[in-house]
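Please construct the entire structure, taking both the sequences and the accompanying hints into account.
The lines below spell out each chain.
Number of protein chains: 2
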Amino acid sequence: MKQEALIAFNQLLDPCSVISDKNELLKYTQACIPVDTTIQAAIKPKTTKEVQSIVLIAAKYGLSLYPISTGQNWGYGSANPVRKDNIIVDLSMMNKIIEVNKTLAYAVIQPGVTQEQLYQYLEKENCGLMMDPTGSGPSCSVLGNTLERGYGITPYGDHFDVMSGMEIVLANGEILNTGFGHFKNSKVTRLFKYGTGPYLDGIFTQSNFGIVTSIGIWLMPKPEYFETCYFSTKEEDGLKDLVESTRWLLLNRIVKGSINLMHRDRILTLMIQYPWDEMKGKKPPLKEDIAKRIAEKKDIGAWNGVVSLYGTKEEVKAAKKVIRRVLKNKCYRLNFVSDNLLKLVERFEWAVTPIGKVMGMDVKELIKVLRPSFDLMKGKPSEISLPTPYWRMKKPIPKKNINPAKDNCGLFWIAPVVPMEIESTKDFIATVKPIFTQHGFETCITFTAVTHRAFDCTLPLLYDKDDATETESALKCYHQVVSACIEKGYIPYRFGIQSMEDLVKGKDVFWDVAAGIKNTLDPKGIISPGRYSRY
Amino acid sequence: MKQEALIAFNQLLDPCSVISDKNELLKYTQACIPVDTTIQAAIKPKTTKEVQSIVLIAAKYGLSLYPISTGQNWGYGSANPVRKDNIIVDLSMMNKIIEVNKTLAYAVIQPGVTQEQLYQYLEKENCGLMMDPTGSGPSCSVLGNTLERGYGITPYGDHFDVMSGMEIVLANGEILNTGFGHFKNSKVTRLFKYGTGPYLDGIFTQSNFGIVTSIGIWLMPKPEYFETCYFSTKEEDGLKDLVESTRWLLLNRIVKGSINLMHRDRILTLMIQYPWDEMKGKKPPLKEDIAKRIAEKKDIGAWNGVVSLYGTKEEVKAAKKVIRRVLKNKCYRLNFVSDNLLKLVERFEWAVTPIGKVMGMDVKELIKVLRPSFDLMKGKPSEISLPTPYWRMKKPIPKKNINPAKDNCGLFWIAPVVPMEIESTKDFIATVKPIFTQHGFETCITFTAVTHRAFDCTLPLLYDKDDATETESALKCYHQVVSACIEKGYIPYRFGIQSMEDLVKGKDVFWDVAAGIKNTLDPKGIISPGRYSRY
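Keeping their order, the protein sequence lines are chains A and B. Counted from 1, the first sequence has number 55 at position 55 by this note's numbering; the numbering is strictly sequential. Counted from 1, the second sequence has number 213 at position 213 by this note's numbering; the numbering is strictly sequential.
By construction, these hints were calculated from the structure, which means they are not laboratory data. There's no promise every hint is true.
If several chains are the same, the list does not tell them apart, and a pair holds so long as it fits within one copy or across any two.
Taking lysine to aspartate or glutamate and the DMTMM-like style, the derived pairs with C-alpha atoms no more than 25 Å apart in a straight line are [as the list claims (entries may be wrong)]:
| # | residue 1 | residue 2 |
| --- | --- | --- |
| 1 | Lys328 | Asp407 |
| 2 | Lys46 | Glu236 |
| 3 | Lys187 | Glu236 |
| 4 | Lys187 | Asp508 |
| 5 | Lys184 | Glu487 |
This is the structure we're talking about:
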């Protein structure tokens, strides 16, 4: 970076907010995927005004900026820029909860606001409102996830869908307020998201057209009553019934949130690490008979569903009745867990543990998984999904503040969208599984209903990042799986930085149009060059 | 229009698809608002390929095109272009239902597909699926309404929200497929709308960036059970309770569709025409005591709510229980109407009519209104809302094929968004009502829940378009109401062509950005110049 630019940043921000020391910068290049990122510096603005000045300085000195919220886009590149020599604009210090409206049930937040922070705030204020947390953990940014169009599994799970109004710093330093936000006296910016005229918000998600400095998000009133339903099939083949039932339950709005269908192997990665002992030190992948044995001991089915019910007591009762009817004879297990039941089990663990032992279940361990998954669906962020990246590590998983990037875990997320019907679902599995197996990796499938008509398959590719050969295999496997998915029509809804160049290459009117918009809004290519974009 | 251009169009299209005869063109300039439109010609392509050729011809000869679907944007300008001397691109002959997927519950449709056509198709195919009809009537375009971000009141009421994937002819003649649609083999274009990379669809609604030639829309499975709930308050002041209850019922998802709260005067416009006789030929507006007397006779409350319940029998039962609890002591009437009850009343009309007479109700007339409103909420398009524009006419309302533009009815739609809480709602009424009254018009308010946090107030300004003085008053009233709403922060979600120039004028980053995008996608300003746009 030019010395003048560094001086300009130092004049603008306080000294500890401009980081150019190589060691200090290391944390921004930590990642779960192999990267060879070089970054020039990191700067940490505290206000929208500072962000405006930053883009003007960047324009003046021909710099590339790479804004991150908290930079924890694990398995997709974390904080790493797509191209070399960017300056990280670390927005984590812009962490104000600007407004919470209890009556109309929304919040306005800055990029640095974490899931845990928002959760704690809502609890402390006793608003009667809840957020939708993703599985990405307490320390992740709510805004960052929204801009990537991430999702959770409560009724407010589609984060972009529940966003109303954005404040965006454009590459020319101006501020764009979307929706009704640009009407001086608007009372409805957070209540109706489309505004009037072109609905612009979508183009500022999964893109590089501006720096988003705040958004409005809708919050969900805590339901009067809540229960979670867990169900499992003994056989792989049971998936057929689960897929068809899931679609029926969603299309008919019996279920207001999402439904998750998890393969046995995916659950194993949540509960244990790769069983090096049982595998007698043998190289992965996990053998089928050992996987089966462990799963049986832990009472994990071939496919395992989870769905939460939110509503009045009467409603939940009515929904339970329908779910029982729909899933009858399709599962070997169908359990409803209420707050009271879970509390009871926790309280009398000493009593249920021996019973569990007789039944071959480790109740203590079950509760360890059940409680955070249960709470997650009630809006409490948890680290329950974070052990997965540690699957192939030989050192133990940290007890808390889990950070897979910092710990150099090997993880690629692949997230193809799959039609919610059995033929496609089967064809999809038949497409990806052989590639995973061929390269020596487990196929840890979760199907999450992202719409009433489609699953997103969150598919972690787990590898040992300390092993260079395995890392190379993983990268090959990743690209083959993604290509096969695109070829077959199961397109990922989101991509890691390692895929961005492939994504936008070739003749394609869609990327032409996107490039045209980029060129209009950021002709010098200041912001996140190459991120979901040719420029 | 240059002779060469006309020749080019005539070479491209069959002769009867190029209209330049002044008399034949008249139907495009019919409108419920005063207009002084001049159009050069109308052309009626049958295929996307023809649309592509049309934009290239327009580019060559410097023409402005104004695409319409069926052109029935009544009260907002109908088919009339914003600026002079456009060529209407009438897409009504592109009326193919390209695909209906019964399993995954969606359709792909062209611009000319009407509500009635889609309804009939779904009924004939016996799909078990329903559409969400707007009140705009059977002959209106589904796609056209979606592009204006119109809405209905079933659970699929937000038409833009249930759209997945667009095909758009750009000003350079290329075809843009949005969402996943540009991936060659995509199996998920109609199942997950965002695609990957910037979500572009929003910018092609309420704008002039391209010509949309098809869209995917989600269809709703017909519910196992259905009931409609009608409730009314005696006093104007009862609105407070209704607003707070509405918000609670929606935020807590007791109600899956929308809730409508209609003022007495709005209902009068649906049931009768201006009572010239009772008013003894006196000039409008309607006197309070006469309005009251008629309303009492027809058993219309001061505020009247309607909400529909969709679900299994158990669910609807559970929801009814909650609704009864929430509205208890807040309404003088709270009736649930099921299919069976309505059929019974219709069948034994001869028996209930005398009973109704005793109770002061005209059951025959009640059924006349109840049946189509009931069916509308079950997905059957109807003309039930179409009498409103005839309010001040002295000739009777046509029995069917109602077309207010053709009949020269006087109607401006004003559609401000209002926070769903009582203080704002009251303030809103206090803002608009005096202006209506001052100019001699009735304030016919409906509050429709367009989100769980906001009402859209559909506010028809009804006037006698054959009366030049009244038309002038209406125009003045319209502009004053719109200005007052914007000033107070109740911004309309949609505008008529008469407001477009005002809307985009002045320094505003939002309209700068929109203009930038327009300039990129349509640098010659071929498509719908001035529509929600500076260019």
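Hint check results:
Proximity of Lys328 to Asp407 under the C-alpha cut-off of 25 Å is found in neither arrangement, the shortest distances being 44 Å within a copy and 58 Å between copies. When the C-alpha separation of Lys46 and Glu236 is checked against a cutoff of 25 Å, the pair qualifies neither within a copy, at 51 Å, nor between copies, at 49 Å. When the C-alpha separation of Lys187 and Glu236 is checked against a cutoff of 25 Å, the pair qualifies only between copies, where the shortest distance is 24 Å, while the shortest distance within a copy is 52 Å. Proximity of Lys187 and Asp508 under a CA criterion of 25 Å is satisfied inter-copy only: 18 Å between copies versus 40 Å inside one chain copy.
For the identical chains of this complex, Lys184 and Glu487 are inter-copy neighbours only, at 8 Å across copies versus 48 Å inside a copy, given an alpha-carbon limit of 25 Å.
Against the hints set out earlier in the document, violations occur for numbers 1 and 2.
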